[in-house]
Each structure stands twice: as C-alpha cells, then as structure tokens.
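Engineer: Dock chain B against the given chain A, drawing on the hints supplied.
Protein chains in written order, with this note's numbering: chain A, 6 to 319; chain B, 1154 to 1432.
Think of the hints as simulated: they come from the structure by calculation, not from any bench. Be aware that a few hints might be false.
Below, a list of computed lysine-lysine pairs in the DSS-like style, where the Cα atoms sit at most 25 Å apart [said to hold, decoys possible]:
1. 319/A with 1243/B
2. 319/A with 1345/B
3. 1345/B with 303/A
4. 151/A with 1345/B
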Amino acid sequence: MLLEFEQPIVELENKLAGMKSLAEESDVDISDAIKKLEDKIVSLKKETFQNLTRWQRVQLSRHPDRPYTLDYIYEITDDFVELHGDRTVKDDKAMVGGFGNVDGQTFMFIGQQKGRNTKQRQMRNFGMANPEGYRKALRLMKMAEKFNKPIVTFIDTPGAFPGLEAEERGQGEAIARNLKEMFMLKVPVICIIIGEGASGGALGIAIGDKVLMLENTWYSVISPESCSSILWRSWDYKEQAAEALKLTAPDMLKNKLIDGIIPEPLGGAHTNLKAVAEEVKKTILKNFKTLDKKSVDKRIEERIDKFSAMGVVK
Amino acid sequence: MAWFKRQNKGILTPTENKKEAPDGLWYKTPGGKIIHMRELKENAYVSPDDEYHVRIGSKEYFEILFDDNKFTELDKDISSADPLEFVDSKPYPVRIKQSQEKTDLKDAVRSAHGKMNGLDLCVACMDFSFIGGSMGSVVGEKIARAIDYSIKKKVPFLMISKSGGARMMEAGFSLMQMAKTSAKLAQLSEAKIPYISLLTDPTTGGVTASYAMLGDFNIAEPGALIGFAGPRVIRETIGKDLPKGFQSAEFVLDHGFLDFIVDRRQLKSKLTTLLKMLK
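This is chain A alone, in the form it adopts within the complex (with noise of 0.2 Å):
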C-alpha cells in the first residue's frame, strides 16, 4: 500500500528500475540519465519527507508495513523469550513482552502489539489492549524489577479498548495503577513510541525514565479523527485536529513533553526495518548506559520530577 505523498517517489523508483534492466540489455550507455534519475529520485524523498504535514506523519504512523513491537524485538535481540498471561483473566494478545538479550545485556521488553493482515489485526485487535494487557505488562515489570532487569516498551496503540468487557474488568484502573507503580520501580525503564500513542491507552506503559519517539510517530491526547468529531462535530478537519494538537515528535520535544527522537531513514520506517531497528538498538543501549549508573533513588526521583515539571500555568 502507498500513501499519496509516497506515489510520485515509487512512480520514479519504478522508472529507475525501467531504465536499470534496459541498460542491462543494451548497448546504450544510459549512466547519466540512471545517475541524474537516481539524485532526483533523493532529492525528491528529501523535499517531501522533510516537509511531512503534521496528519502525514500520522499517516505514516499507521502504514500497513511500518515494522511493530515484535519485528522490533525480534530484529534487536540475540534470544527472546515471549511471556503470557495477566494471571487473572486471560492472555491479551494486543500487549507482548518477554525476556530478551541485546549483546549480552537482558532487557524485559513489552509494547502493544499491532496485526499485519486481517485474521492478525483481530488476534491483536488492532493493538488496542483490554485491563488484562495492561496488568499483564505490569505484572512482567514486577518480574523486571524482581531479577533486576531494565525494561524497554514499545508503544503502538489507537487506544485502550473502549469495549463493554473491558469497563466491567476495570480499564480505568488498569491503566491508573500502571501510572503510580510505574514510578516507583526500581530499574531503568525506558519508552519508546513507535507508532500511534493514543491517550491513556498509550500513556498505561509509558512512565520511563527515558521516554523517546521515532520521528514519524505520534503522541497525544486523542486521535486527530475523534478530536475532529468532538471539537468540530465531523470527522472532517482531522489534518487541522493534527496542526491544533501538535503530536508530533518535534512538537512534542519542543514542550519538553518527551525526552528525545530516534530518527528514522529517509522514506520512513517500513522503508527499511534493519536500519531503524539499529538505531533504535543504539538508542536503548546508549540510554541503558547512562541510566545504569544512578542510583535506585536518584532514577525515581528524577522520573517523579520529570514528570511533575510538565504542564504550563500562569
């Protein structure tokens, strides 16, 4: 699937490859014209995705192929072992976690879990987790801190689940209870949004002492399309509910809002899934590192502190 700003770049790479097979089979030198298509093809992906609109980084946010929590934990770990269950209800599919080692190092990772065709999507309902995910994510954050284990989530959710089950099993308290133990665990936690991080839902797993977005992600309080419905009564002024609500990784830096931005390649995400897995590997080894060598306490309190300075009064 394409987005509209990514046709013309594909319409170009397609002509590329035209112009690559028939150098092959002729005589022709055709280099220059190859070279010249080559750097207009660069230049082009570097004017659009230089200039992304804010609601085109959301869209970007949910391609169908951007890489999700396990493509991530699977291409950044040696060996990983996936845990389930909340130990009271059930397994919730729409949150992962597991035991996983980066270069010898045991990280406790956990995230929403999206789905890449329609059977999957349903498994994983469309990342959106019940209570039970939630507490089944605090529940492997215990056991994270039981061994004294860092902890890596990944973020990746339209939402919690609004469904009728889901209020009945407490959702609001799922969700609270994750906040206040979040704060006080006595490992290095740290979050990264990968795709869509939507409100509470979002927010259930990530309280950290680290908390980054991927570039072409976005974080806030509602989806552009439900701000859209209430603010303006239509689902029709999403892109400007996305301009309103600044959710993008360089706003959401500016308000100091997150603590950094994992750049992602040129084209985006899905573009390239070794590449941006690297740089998130980097990413997290680099924070582990610095993180490591605080104390229990001095990494609480400045968790507690990081978040009580957001907000802006007058």
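Structural biologist: Using the frame of chain A, we list chain B on its own:
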C-alpha cells in the same frame, strides 16, 4: 361557562412593574416535584423524594465537608495558559475567559485545607461547570500541589472527581497531567498518608484512568456515571445498546472497583468515622 370573565383583554401591567422571580430559587426533581432551593441545600443537594444526587461543585462540597464552612484555599490564583495556541471553533484563551466569567471559577478544580469534624483534611474538588470538568495543566498542577501539602503536613487527602476527562485544547500537556498526579499519589502512598477518592457524576476518561481510581479508598455517590470510555463510544464500538445501569456507581461497586457508595448526607460522618480508624 367560565367562572369569571376577563373584562380587559391582554396584559396590562407595565414592564417596569413586573415582579421578577430570581433564577435558581426552585429546583425541579427528576420525579417532577418542585422544591425550594433552601430545602435542597439543607438536604445536602439530594432531592428528598427520590434520593437523586444533584450535580454540585466545589463551593457546595466545601460547605458540606468543612466545619462551619471554614477552610483555607490553596493556589487559588493559578489559571490556564495557552501553550499550544489551540484554536478550534474559538481560540482557547477566549474559551477560558468565557468559562471564567460564566462560572466565577478560575478552572475546573479548587483545593483547600481545613477541619472536618475536628480532623485535618486536604480536599481537591473538581467543578464540572468549567469546560466539563476537563483536566488540563491547571487541574493537574493544583492537585499535585494539594498532594504536596498533604505530604508535608501529614494530612489525609480527599479528591472529589467530576470530569469528562482530558482537556483536548492542551493535548499532550493534558495527557501528562495523568502521569503527574499519579506520581504525586505514589509519593503520598509511600508516606502512608490516607487517600480517599470520591467519584461523583460523571467521572470518565483520563481522570478515571489516573487519580480517581488510585484511592486507598475508592468511593462514589449513588447513581454516578463512572467509566473509562464514555457510553456513546462503547455503543459505537460494540454496535449494541448498553445494559441498564452499565457504568453506574452500583455497577462499578459490583465489579469490585469501589469500596462503598455513600449518600451525600452521610458523607461527612462516614469519612470522619473512617479517618478516625486510621489515626
């Protein structure tokens, strides 16, 4: 045949002689009975016929809880900034100003400390009349500071929630107030100071998913709507009508997320009994 005959047609009283009945003097109960406001006030704003708990704000709750209505308000001059320069149908600062003029409030929460039946208590109480009790930076900051007060003075903390959830016009800032208040409550909990969360009609969204559900004691008023997602959103998600009583305080109690439901007329005495046991 009429009993009497109107001799002059039309209204003859000149406008300046018209007797004005002040607004808000009478209250119509959901059962249809008209009662005097004074009667309602003396009954803790519970309609006497059907026990309906009328939606009230911080002014009324402070009056009900604090001895002789004596209390010291905290941080009463904090008001909203506009960090995102948010504009929807109107600019956010205009919306704030209009709400302030309409409600005579600074924002959607007020906090105070005082005595309740002689016991020290710190209270933060939300006002639904201010942009739907929505939580922005001011709400988060005032609650955080009230909790700081409780920690510093070792005074029990009571949070009275009444909110539609996050304030969209503060987007990311609004979301982080959930984190901020939860961080403070974690510290309050470490300090072993009692935290009572009273959920009133309605308590939904980000408020439910943060401080409202984090009480040592989660309690609610009868019939209050309590939930994470609003009923309309859930109906759209599942494509069916919701069962009767869904997301009512009684439903939430039944599912194990509340300690008890309290009639507003017994609120003060019940809180006193509970807090005395923890002394």
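Engineer: Taking only the CA atoms, is the gap from residue 319/A to residue 1345/B under or equal to 25 Å?
Structural biologist: violated (32 Å)
Engineer: Against the 25 Å threshold, does the CA-CA distance of residue 319/A and residue 1243/B hold or violate the hint?
Structural biologist: With a Cα-Cα distance of about 20 Å, the restraint between residue 319/A and residue 1243/B holds, given a limit of 25 Å.
Engineer: Taking only the CA atoms, is the gap from residue 1345/B to residue 303/A under or equal to 25 Å?
Structural biologist: holds (21 Å)
Engineer: Holds or violated: are the alpha carbons of residue 151/A and residue 1345/B at most 25 Å from each other?
Structural biologist: holds (23 Å)
Of the numbered hints listed earlier, the single one contradicted by the structure is hint 2.
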